[in-house]
Amino acid sequence: GQCGNQVGCRFWDLALREHAAVNKKGIYDEALSSFFRNVDIRSGGDGPDIYKGKICSLKARALLIDMEEGVVNEILQGPLRDVFDSKQLITDVSGSGNNWAVGHKLYGYRYRENIVEKLRKTAEHCDCLQCFFVIHSMGGGTGSGLGTFVLNLLEDEFPEVYRFVTSVYPSGEDDVITSPYNSVLAMKELNEHADCVLPIENESLFDIVNKIHQMINSGKLGSTVKQNSMVTSSAGSAKSVQEKPFDAMNNIVANLLLNLTSSARFEGSLNMDLNEISMNLVPFPRLHYLVSSLTPLYTLADVNVPSRRLDQMFSDAFSRDHQLIQADPKHSLYLACALLVRGNVQVSDLRRNIERLKPSLHFVSWNQEGWKTGLCSVPPVGHSHSLLALANNTCVKPTFIELKDRFMKLYKKKAHLHHYLHIDGMEQSCFSEAISSLSDLIEEYNELDATKGGPRTDPSRLKIAV
Amino acid sequence: MSIVTVQLGQCGNQIGHEVFNAICSDVRGTHGLCSKKENESYHDACKERFFSEEEPEVPVARAVLVDMEPKVISQTLSIAARSGCWKYDDRSHFCQKQGSGNNWANGYSVHGPRHKEVIMNLVQKEAEKCDRLGGFFTIMSMAGGTGSGLGAFVTQCLRDAFPTSFILNHVIWPYGTGEVIVQNYNSVLTLSHLYQSSDALLVHENDVIHKICAQLMNIKQISFRDVNQVIAHQLGSVFQPTYTAEGGLHYSRNPLGDLMEALVPHPEFKMLGLRNIPQMPENSLAYSTFSWPGLVKHLRQMLIANAKMEEGIDWQVRPPPLGSFIASSHSTNKPLHFNTSIANLVILRGKDVHSVDLGSFRDPSLYTSWLNPQDAFNAWKTPRAFNKYEKSASLVSNSQFLLKPLDNVVGKAWNMFASKAYIHQYTKFGIEEEDFLDSFTALEQVISSYTTL
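So the protein lines, in turn, are chains A and B. Using full-length UniProt numbering, you'd call the opening residue of the first sequence number 1 and step up by one each time. Using full-length UniProt numbering, you'd call the opening residue of the second sequence number 1 and step up by one each time.
It is worth saying that the hints were derived from the structure and are not from the lab. Remember, predicted model here, so these are calculated numbers, not experimental data. We put the CB at the ideal spot given by N, CA and C, even for glycine. Hints may be right or wrong, so weigh each one.
What the hints assert, rightly or not - Computed footprint of chain B on chain A; a stretch qualifies when at least three of its residues, placed anywhere within it, have a C-beta under 8 Å from a C-beta of chain B:
1. 348-356
2. 452-461
Unchecked claim - Okay, derived cross-link-like pairs now, SDA-like style, lysine to any residue, Cα gap no bigger than 20 Å in a straight line:
3. A:Lys404 <-> A:Gly425
4. B:Lys36 <-> B:Tyr243
5. A:Lys463 <-> B:Ser449
6. B:Lys428 <-> A:Glu157
7. B:Lys420 <-> A:Gln368
8. B:Lys404 <-> A:Ser460
9. B:Lys220 <-> A:Ser269
10. B:Lys404 <-> A:Leu417
11. B:Lys211 <-> A:Arg351
12. A:Lys54 <-> A:His125
13. B:Lys428 <-> A:Leu129
14. B:Lys97 <-> A:Ala123
15. B:Lys420 <-> A:Lys54
16. B:Lys404 <-> B:Ser449
17. B:Lys97 <-> A:Cys131
18. A:Lys412 <-> A:Ser429
19. B:Lys381 <-> B:Glu38
20. A:Lys404 <-> A:Ile442
Same shape as in the complex, but just chain A (with noise of 0.2 Å):
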């Protein structure tokens, strides 16, 4: 869908400006290989892949699936264009028309074969396939449609390799009126077929996106903001000017992917992968829901970071104006917790900021001392350091209360239902069962709710005849 696309755009040209600044001397190396291939091209047209040696094409290992072309020929007459294998897009002309059961349903069943071909040959490409990242918007067609079919898809066709999903769900005042229906039914899919989902709320990136103005503008003395170092700046990528508005939020989310997955791609002291990310942060298997903070979101140029800056990073991480979602993290319930940080941080800081946290965190009591930690060498372009906070949180059950409460107005007065129901394959219970599988989530944040701040009693342990 265009969020998908637009969002992806963002990521390939970050991810693209990451590498280069790491790897000087233009090899084609293991890091790179986690998310390009490395392609011949110089006997014209596509080559072998290459896999060593000196890059000559970079191709990115993605899919860009759309139902309308705008988006997507767009990225390809961008500085982007070399990046993408013009034979791994599916697009179409008229659009999902913000509709569901268009994209999934109608749209789904007449790409399926076309969809299994080229994921198969993209996975063919990888020598170890570990992770897909699916990135997607919840509240119109496509992206939330189509989006949520390719997730089913990518569980039948390849059920050992774990699923990432990326979703931007709608705020209230979106000018989509049916996505509230658009996303609890994305929802039910992403419960049943996700394996981890990091939701991201437009509020939030916006919020992020004007408190950086506020700082730049501010024209503190002394205070001179380096360009490249913004969580939300292209600066340093291929496309440097900023056109599109949406550009700095998008930013932020492909900046999130990347600090997702440096540990995997670059070396460290305590490497932290994507399935260990699975492994530690869902203790159930429906509650994946994993809400997300970046820090530090700029870097101050010409400024020294003493330890007491390091520390400010970690008190950062847990507020609620850092976050992707609008939700405070330090007044509910936390399943787990896991930090990530990039660059010149040893394991002593990250130690004494747990200490010094944790006492103000409410972790459920089976999980008193939940944290996964990593530590990768490699900073991002432009900081010392950085971290990124992945909790998972009772925080997240407003907004799905919300969503819920949202689609109830409409649902109640069965509007706009009939654009849905005539779409073969929709039915009326494929609303039902929705919104139960939604009502059903809400109720496992609200036992576990219930179990904040109760007293403590261990179970009694296992004994031993003498």
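Let chain A serve as the given structure and place chain B on it in line with the hints.
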């Protein structure tokens, strides 16, 4: 006799590398403080133990490197080679791409069987390079997926393939406030399995070493490298050559066998703790002098009071007077915090080592009643100083040192298990709830045995 080291997972490989570094730098150092002849004997004994003579100038470590992802091994191999002092055999490693995802079940049930043949072939090759194989030393953490799960599987394979060789597992206890959320599950599964195939488990706790780095070594921003270097120093102080018999003419040639004989009289009791004093920053070494009586006194009190390092020792703790033992198996008559030992081994290295009086360690009140005090205590010595320390004393102890940490880990794991959290991640790869219960039972048994010493 030679020891083959098997480095498992990120932790195992990072530590293994520091261990060979420490050993090499000790041997090449000019601070031996002993005769040239002594130095040469030491050098030869060390070489035989840890290195093979394939290339004349650069010794090749007797090691097999295993990991389920490539980055750490690739780094380890290249850093070692660049040192110019020693290297690994270029072919003696095995890695995959996927990693184990911190999942013990993945390491044990999937990677283990899948890669058993390749890994055991590498081990066999290293074993064959030895004139006489003294046994295996495996290095792993309990918290992750590869070192712990695959490590447990490999240990089992070693036991099956080499039924008469000694196997010593070096196990890293993770920080209490997680490095990995499921670390307690992984630890319980690892320990219970290792107990079946291993001869002894030598444990280092990250929290303890971290404190040593902070308080004794004065390191401000402690990195894993710092932690690993302290661990490597402590291990070196145990495994470098010594004379095991009073008036012995040759360096002992069977370090693992000697260790087992000294410390593991009963298969129910395999948990070994390690203390090494003194520890200080390198630039302070020149200004410090220690006396053997002082070191021995501190080490003994560290044993009795279960102190983790030489600062903050509780001198109030005393062993109970002899004759106050009741025949029952409850230790209610022992004063609180007193650490009862089954067996102890003290290793002394450096100047005037032969004059040291270790009688205080032979005090029967330190030990549980079922071993002869004569048999419960052993001392190894060498006049050759270790790693720039004029005098260095190590204690390897089979005692209640690890009782509390073990109890903590089992308690936390049980607490999580009661809620069934994360269990689906393990059942996905074939480890069922019953397997967990078996492991819990096995460890509660070990805890009970150590408690009633």
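A quick look at each hint next to the structure:
Residues of the segment 348-356 of chain A with a Cβ under 8 Å from some Cβ of chain B number 5, which satisfies the need for three, so the listed coverage holds. Counting residues of the segment 452-461 of chain A whose beta carbon lies closer than 8 Å to any beta carbon of chain B gives 3, which meets the minimum of three for the stated coverage. Distance hint between A:Lys404 and A:Gly425 is unfulfilled; the C-alpha atoms sit about 23 Å from each other, more than 20 Å. Distance restraint check for B:Lys36 and B:Tyr243: the Cα-Cα separation of roughly 17 Å lies within the 20 Å cut-off, and the hinted pair is therefore satisfied.
Straight-line distance between C-alpha atoms of A:Lys463 and B:Ser449 comes to about 13 Å, which keeps the hinted pair within the 20 Å bound. Using a Cα cut-off of 20 Å, the hinted pair B:Lys428 and A:Glu157 holds, with the two alpha carbons roughly 18 Å apart. Restraint check: the Cα-Cα separation between B:Lys420 and A:Gln368 comes to about 15 Å, which is no more than 20 Å; the hinted pair holds. Distance restraint check for B:Lys404 and A:Ser460: the Cα-Cα separation of roughly 17 Å lies within the 20 Å cut-off, and the hinted pair is therefore satisfied.
Under the criterion of a C-alpha separation no larger than 20 Å, the hint pairing B:Lys220 with A:Ser269 is consistent with the structure, at around 17 Å. For the suggested pair B:Lys404 and A:Leu417, the alpha carbons sit about 62 Å apart, so the restraint of at most 20 Å is broken. For the given pair, B:Lys211 sits about 12 Å from A:Arg351 by alpha-carbon distance, which is consistent with the 20 Å threshold. Simply put, A:Lys54 and A:His125 have alpha-carbon atoms about 18 Å apart, close enough for the 20 Å limit, and the pair holds.
Proposed proximity of B:Lys428 and A:Leu129 is supported: the alpha carbons are some 19 Å apart, at most 20 Å. For the hint linking B:Lys97 to A:Ala123, the alpha-carbon distance of about 15 Å falls within 20 Å, and the restraint holds. About 50 Å separates the Cα atoms of B:Lys420 and A:Lys54, which puts this hinted pair outside 20 Å; it is violated. Restraint check: the Cα-Cα separation between B:Lys404 and B:Ser449 comes to about 13 Å, which is no more than 20 Å; the hinted pair holds.
The hinted pair formed by B:Lys97 and A:Cys131 meets the criterion: a straight-line CA distance of about 12 Å does not exceed 20 Å. Among the hinted pairs, A:Lys412 with A:Ser429 is consistent with the structure: their alpha-carbon atoms are about 15 Å apart, no more than 20 Å. For the given pair, B:Lys381 sits about 13 Å from B:Glu38 by alpha-carbon distance, which is consistent with the 20 Å threshold. With a C-alpha separation of about 9 Å, the suggested pairing of A:Lys404 with A:Ile442 holds against the 20 Å cut-off.
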